[in-house]
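Going line by line, the protein sequences match chains A and B.
Quick note on numbering: the first sequence equals residues 96 to 479 in our numbering.
Quick note on numbering: the second sequence equals residues 54 to 317 in our numbering.
The hints are simulated quantities; they were obtained by calculation from the structure and are not laboratory data.
Remember, it's a predicted structure, so these values are computed and weren't measured experimentally.
Worth double-checking, as some hints may not be accurate.
Which residues of chain B face chain A? A partial, calculated answer using Cβ under 10 Å [to be verified]:
1) 121
2) 155
3) 173
4) 249
5) 271
6) 277
7) 285
8) 299
9) 303
Glycine included, each C-beta is placed from N, C-alpha and C at the ideal position.
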Amino acid sequence: MPVVHNRVLLALCCAGALGVGFGGFLEVAPNRLARGLALPLWQAPFPEAAAIIIFLSLLALLAFMRQDKQRSIATVLAAAGVLWGSLAGAGHFAALLARADLPAARSSLGLAFWTLVAIAFLAMVDAAQRAKPPLPLRIGFGLALGVGFVLMAQAGTFADLSLAKEFSSHRAIFFSQLWRHIGLVAGALFFALMIGAPLTALALRRASMRCAIFSSLGVLQTIPSLALFGVLIAPLSALSAQWPFLHDVGIGGTGAAPAIIALTLYALLPLVRNSYTGFTEVAAEVKDAAAGIGFNARQIFVSVEFPLAAPALVSALRVVTVQSVGLAAVAALIGAGGLGAFVFQGIGQYVMDLVLVGAIPIVLLALAADFSFQMLLAAARRRM
Amino acid sequence: MRAELAALFTKFVRYSAHWRGLWPAPLLIAAIVLVPAAGPLFHALFPDLRNPIYGRASFLELTLAHCQLVAISSFVAAAVGIGLGIFVTRESGREFAPIVSAIAAAGQTFPPIAVLALAIPSLGYGAAPTLAALAVYAILPILEATITGLHAVPAGARDAAIGIGFARSDLLRRIELPLALPFIVAGLRNAVIINIGTATIGSSVGALSLGSPIIEGLSASNPAYVLQGAIIVGLLAVTSDRLFDWLEGSRLFLDLKGGGFNGG
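Just chain B, with the same shape it has in the complex (with noise of 0.2 Å):
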């Protein structure tokens, strides 16, 4: 009894030293629910301000929408750069990969406010321009960690894979692919914690997110409400990013790493 009670002890503190990681999402969620009612708070901190807490949309609203933006535009951005990253390490399109791989890496050092700023003309104000932004921008780091990935998968492995008589297609789903995981969710990651950053700046072309508090507290002079905005959007990148921490390390994706795509 005694042992299997010491048992489910190590297996208890081996599960949640896996979830050790996730630290900052109860404070991200504490900080959702609590800044709120921090008006005294706010107050103390803020004595001259009328209005201490920002009033304009809830936080888990903001909260929210900035999720949507940061997802959808990850996902459209994702889906591009891997299958061009495919497309430019296949035979077909390997004449395309040295202008693909500059472009990437030019299109890189181009500040993401530029590419949010230039896409008002043809998509106005608001959401639209900055969905369209995030995700241009976001292919780019995919896109070169796909080709880095693809690239890097070991020229025996592939020999072996043909030589057992893999066809082309089992070839890129059951090896490469798979290979090329780690590398592909780094910059997954990448782009990720780079779209919550620009997804902020959004708001100063219309777009709804956490940055709409610390925008309208910079051109009202509230302190107070850049505080709470910068607290939860702050709190909202390093769960992202502690989140692909964790997703990194867990069972899923070694399962995947290990087994082929089709859990195999």
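This is chain A alone, in the form it adopts within the complex (with noise of 0.2 Å):
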């Protein structure tokens, strides 16, 4: 009886053998609006297909071994395959499938594909969570990865996949709305930033004024996205009705106006809650030694607290960030733009690839975002 050393890993591979048992490895639908056809695995294009298996039994297989770092390094390399069998099997099948009197066919990546990817990256985590490999190794592997797909897509790998077409025909749009994304959350933080250091200012001065303001931003934080874009509209309609250089501005009851001003008073909970309890960690001996030695208020502030509290206030950002990435994609319904715009097209048009079209830049620019300030923060530990 063979030992199991790895049930995460044969878990894993049991998940991606019923994907690949039960759905579609690619969905093929005549034209956009028909019901798609599941092909399975097994009928997509024979060399990716059989490295795909291969590569799946050799994790299951190195379940059964003893986990060290050959064997951790031998997962990262099959999982690899598994990823670039996938890839490139679903382009090449799609290929096949592409047919010069059916321009409007679709190919749409299916449920087996999408489990197959996502053990495929687990299954790394996993051997990078047992094997802990130096962050530099992790970022320059992620970085391959990266660069691998960029080739691949480069070489029109991708070209016959409906995810790919919808890409390329909203291509000039879709930069244009990225910016306008990420150009709603920058806003947002910088008006954030903005009110939440008076507010956390005061919240430390007056115990009086803390319980006001933190229980009025915790109200402000419940209320749905939805309803108060929805709220903003009204009012600010009306305000630039009666003022004319409001609107000639660019300030209105839709668009990018009211999308700021939620995502601002959304983001200041978290940024005003951590920040305080960044500032009130600071340990009251430090600033006595600070003062002790000479320091006045301004210099104690801009050298003693605002260094011990930077790790707070990265953390605050990093969470103020991750949120609003999502929450701006809300911001789509009430004309703001951004990658949202794809999502709701997509629903309104039953056109799910191009709801992915804005739904996975989304989430990578989620990813993005928080490991960026994951590095920021570690940097911020380490210089203390």
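Join the two chains into one complex using the hints; note that each chain is given alone, in its own frame.
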């Protein structure tokens, strides 16, 4: 009886096998509106389908071996093989299915594809958690995966997948919406910092104001995003009707103005709460010592309090940025644009590939923001 | 007599102070009842609109549908999230803890709207994808809170319980879960508030909820509908939040925390 040394990996392989067994690898439809027909993995082109099966079996085999550094490296490579096989296989399969006489035909990625991609990434995460490679190695490997994907895309591997078709037909708008999305988040962060800093100072100085500030920000945080976006429309359009110059600078009932205001309001609570905690946790003795060697209040703030509270500030910014990236997607409903526009357009036209054109970059943006702030946080902690 | 009255009075004051946190509840009920009758008010606010009051469904109906979506999905999410959290903190499931935590952390960076949209291909339009998306998304905060709570149980408490002869199941039921309860309830609260917000957006994929007047008002340029839906769903969210606050301070909760789940 063989001993299972890595039950996580075995469970992932079982999930992969189930996905391949019961889900379609590619879904083909004659046009945008018709329902798709699911094609299983074994109908996919032989080399890639065989590679996927072999690498998946290899992963399952590795679960029965003692886990050491070599086995972890082998796991990561096998998982990368599954990932490559799925991507190349989907592209190759779509190219084979593409027919000149059916230009509107669609090949969408199916459940089996997504399961394989997910378990490949999770197997890599699991291996990284066990072997604990140094950070530069992890970042380097991540970059290599990204570069590989871009090279495959450049070579036209994915050209016949309808996700890629949707992307290239919206290419021009895509980048402007992406920047708009980032702009909404950045604008909200800017205003949240501008308002949050004095609010934090007020909460720190006046005990009587603290409760009022936190409870009112708490109520704001609870209100559903769509409701807050919607509530702002009527007063803003009234204002811009009253004062035409507001309208001229682009402030109106719909569009970016209510979106940035709502995102700012949502960002305030996490920002103020975390920075408040950060500043109160600076030990009184440290401040006393600084005062004792002749620092004035300004110097204490700049060179003692602020650096010591910096990690808390960075983690506040991390929470707020990730949250705003997600909430900004909803702002598309009030005409603010951004990547959410593709999501809602896709929902409206029942084109899931268009939804993905919006949703995948939103998720990547959120993960990237999360990761960069984590790096920044690690740097801030190291400096202490 | 007078002393008794005074005692009764202080009791009443203390009792009402306990309920004071629930101030949004009467506002919510008032809004549900009064908004349909507020035609003249909305007409005065938005004189250009032909129909100033949303009439596709009654606000009570919408509120109940909204609560139903949130309640069912949160219940399912709580069962799965707490169960999974218990599993990965047991001896047998400990190996899965790092990967499950990583999934829960990364999953929460996914915007709820993306989860909602991706449920459509398999479940179609309507309440079904909304329910599924809400349940899946709500698992993550509950799971994370359960793991945090169970990890926060002091080793001393566990050792003492084992020392006086608790069985494993009793240890979980009477020591670990009660001690982790504040964390779990905080996670549940988080999940419910997120779900109330996401259920609102669920109207854009065809679910009936308090988001319906908002979505319809946005697409038909009727700001009165938007305002009506927004006011009621905002009050619903604040009420639910306060309800959790009240629950966390109530006798029932303290009994659960102090005396184990079997009330012993």
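Self-check item: Minimum beta-carbon distance criterion (10 Å), residue 271 of chain B to chain A
Solution: Hint holds; residue 271 of chain B Cβ to chain A Cβ min 6 Å, cut 10 Å.
Quiz prompt | Interface hint status, residue 277 of chain B versus chain A (Cβ within 10 Å) | solution = Holds, because the Cβ-Cβ distance from residue 277 of chain B to chain A comes to roughly 8 Å (cut-off 10 Å).
Quiz item: Minimum Cβ distance from residue 121 of chain B to chain A below 10 Å?
Solution: violated, 16 Å
Exercise. Closer than 10 Å between Cβ atoms is the bar; does residue 173 of chain B clear it against chain A? Give me holds or violated.
Key: With a minimum Cβ separation of about 7 Å from chain A (threshold 10 Å), the hint on residue 173 of chain B holds.
Quiz item: Hint check: is the beta carbon of residue 155 of chain B less than 10 Å from a beta carbon of chain A?
Solution: Since chain A brings a Cβ to about 5 Å from residue 155 of chain B, closer than 10 Å, the hint holds.
Practice problem: So, residue 299 of chain B near chain A? Judge it on the closest CB pair being under 10 Å. | Solution: violated, 14 Å
Quiz item: Under the criterion of a CB-CB separation shorter than 10 Å, is residue 249 of chain B in contact with chain A as hinted?
Solution: holds, 6 Å
Exercise. Hold the hint about residue 303 of chain B up to the distance rule: shortest CB distance to chain A must be less than 10 Å.
Key: Hint violated; residue 303 of chain B Cβ to chain A Cβ min 19 Å, cut 10 Å.
Practice problem: Return the status of the interface hint for residue 285 of chain B: holds when the least beta-carbon distance to chain A is below 10 Å, violated otherwise. | Solution: Holds, because the Cβ-Cβ distance from residue 285 of chain B to chain A comes to roughly 9 Å (cut-off 10 Å).
Hints 1, 8 and 9 from the earlier list are contradicted by this structure; the remaining hints agree with it.
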